[in-house]
Amino acid sequence: MLQKPAIKKIAPFLLLGTSLMWGFSFIAQVEGSRAMGPMTFMAGRFILAALALLPLIFLFERKQKLPNELKLTLLYGCITGVIVFVAGNLQQAGITMTQEAGKAAFINGLYTVLVPIFGMVLGKKPTLFTALGAAFAMGGLYLLSVEGGFGSIETGDLLMMAGTIFWAMHIMSISAFSPKVQPLRLTFVQFAITGLLSAIGMFLFEQPEAAQFSAGLWPLLYGGLIASAAAYTLQMLFQRHVEAPKAAIIYSMESLWAAIGAFILLGEVMTPRGYLGGALMICAVILSQMRRNKPPAPSSGRSSPSREG
Numbered sequence: 001m002l003q004k005p006a007i008k009k010i011a012p013f014l015l016l017g018t019s020l021m022w023g024f025s026f027i028a029q030v031e032g033s034r035a036m037g038p039m040t041f042m043a044g045r046f047i048l049a050a051l052a053l054l055p056l057i058f059l060f061e062r063k064q065k066l067p068n069e070l071k072l073t074l075l076y077g078c079i080t081g082v083i084v085f086v087a088g089n090l091q092q093a094g095i096t097m098t099q100e101a102g103k104a105a106f107i108n109g110l111y112t113v114l115v116p117i118f119g120m121v122l123g124k125k126p127t128l129f130t131a132l133g134a135a136f137a138m139g140g141l142y143l144l145s146v147e148g149g150f151g152s153i154e155t156g157d158l159l160m161m162a163g164t165i166f167w168a169m170h171i172m173s174i175s176a177f178s179p180k181v182q183p184l185r186l187t188f189v190q191f192a193i194t195g196l197l198s199a200i201g202m203f204l205f206e207q208p209e210a211a212q213f214s215a216g217l218w219p220l221l222y223g224g225l226i227a228s229a230a231a232y233t234l235q236m237l238f239q240r241h242v243e244a245p246k247a248a249i250i251y252s253m254e255s256l257w258a259a260i261g262a263f264i265l266l267g268e269v270m271t272p273r274g275y276l277g278g279a280l281m282i283c284a285v286i287l288s289q290m291r292r293n294k295p296p297a298p299s300s301g302r303s304s305p306s307r308e309g
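Just so we're aligned, residue 1 is where the sequence shown starts under the working numbering, counting upward by one.
Source of the hints: derived by calculation from the structure; they are not laboratory data. Remember, it's a predicted structure, so these values are computed and weren't measured experimentally. Accuracy of the hints is not assured; some may be wrong.
Dumping the calculated DMTMM-like pairs for lysine to aspartate or glutamate here, alpha-carbon to alpha-carbon at most 25 Å [claimed, not checked]: (1) K124 / E243; (2) K180 / E69; (3) K180 / E243; (4) K9 / E243; (5) K4 / E61; (6) K4 / E243; (7) K180 / E61; (8) K125 / E31.
Start from the sequences and build out the full structure, keeping to the hints where you can.
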């Protein structure tokens, strides 16, 4: 079994894998939006994801670690589930309405800046390298996603902006909650709450039909099994070992992966501007993981305080 120092070293790479799965999910979400309404897609995606986790919980988390763990798991799962419900449905509705996918991808990546800002509100000042990484990520996102300026802001853009606030809240809440309970159980409750709320909204505001699920089967399978069950479980397991602002920078790579996925699956070619944006985002991830060297201890044997860069 890996020791904690080893886990901390590999955690950023596993979160990078999470961003990869989320990046390709943009393609699945666009395809899914052509077959069904936003809440219908979200309900199918997260109910499928919750069902996929049940055998894993039975195999790996059959015993509770703490007497009050069930209560905490339900509480934290309900909080994160509501956040994902709001964020995911706003994002899916924005993807359905927004005509410019690049602009939507940029807006979605704004959590890269919001997470450090939220952290500062909570008294957690980001390090120099984290702040530089966030700046590089935003510049890279803009070059990668936005061609020719923003133009007018439409309803779909506003929905995506609102969703970004909740995605930032989700990253912060996972950092706070995941070390306190068993991660698979927490992820299951989160999925179940998101799926249940989306299903209620689906029946209230949309007209779901069996033919819609059949037409959107492959996007649902990818969204439920890969982008949700696999990706969110990796987030729940390993984000606890990475500071939230640094995790947000890593997750922002999903826009680059989305562009690469569009090239592979849809034949879309990035412009030189896009390649420069991708390079800046890679630099942002590297910067976010750098640290200042600690000064050597004084000869008197008493250590002096120091901070990471």
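Evaluated hints:
A threshold of 25 Å between alpha carbons decides the hint, and for K124 with E243 the separation of about 10 Å falls inside it, so the pair holds. The straight-line distance between the Cα atoms of K180 and E69 is roughly 8 Å, inside the 25 Å bound, and the hint therefore holds. Restraint check: the Cα-Cα separation between K180 and E243 comes to about 16 Å, which is no more than 25 Å; the hinted pair holds. Restraint check for K9 and E243: the C-alpha separation of about 13 Å stays at or below 25 Å, so the hint holds.
For the suggested pair K4 and E61, the alpha carbons sit about 19 Å apart, so the restraint of at most 25 Å is met. Of the pairs offered as hints, the one joining K4 and E243 holds, with about 15 Å between alpha carbons and a cut-off of 25 Å not exceeded. Taken as a hint, the K180 and E61 pair is honoured in the structure, with Cα atoms around 14 Å apart against an allowance of 25 Å. At roughly 40 Å between alpha-carbon atoms, K125 and E31 are farther apart than 25 Å, so this suggested pair is violated.
Going through the hint list in order, the structure does not satisfy hint 8, though it satisfies all others.
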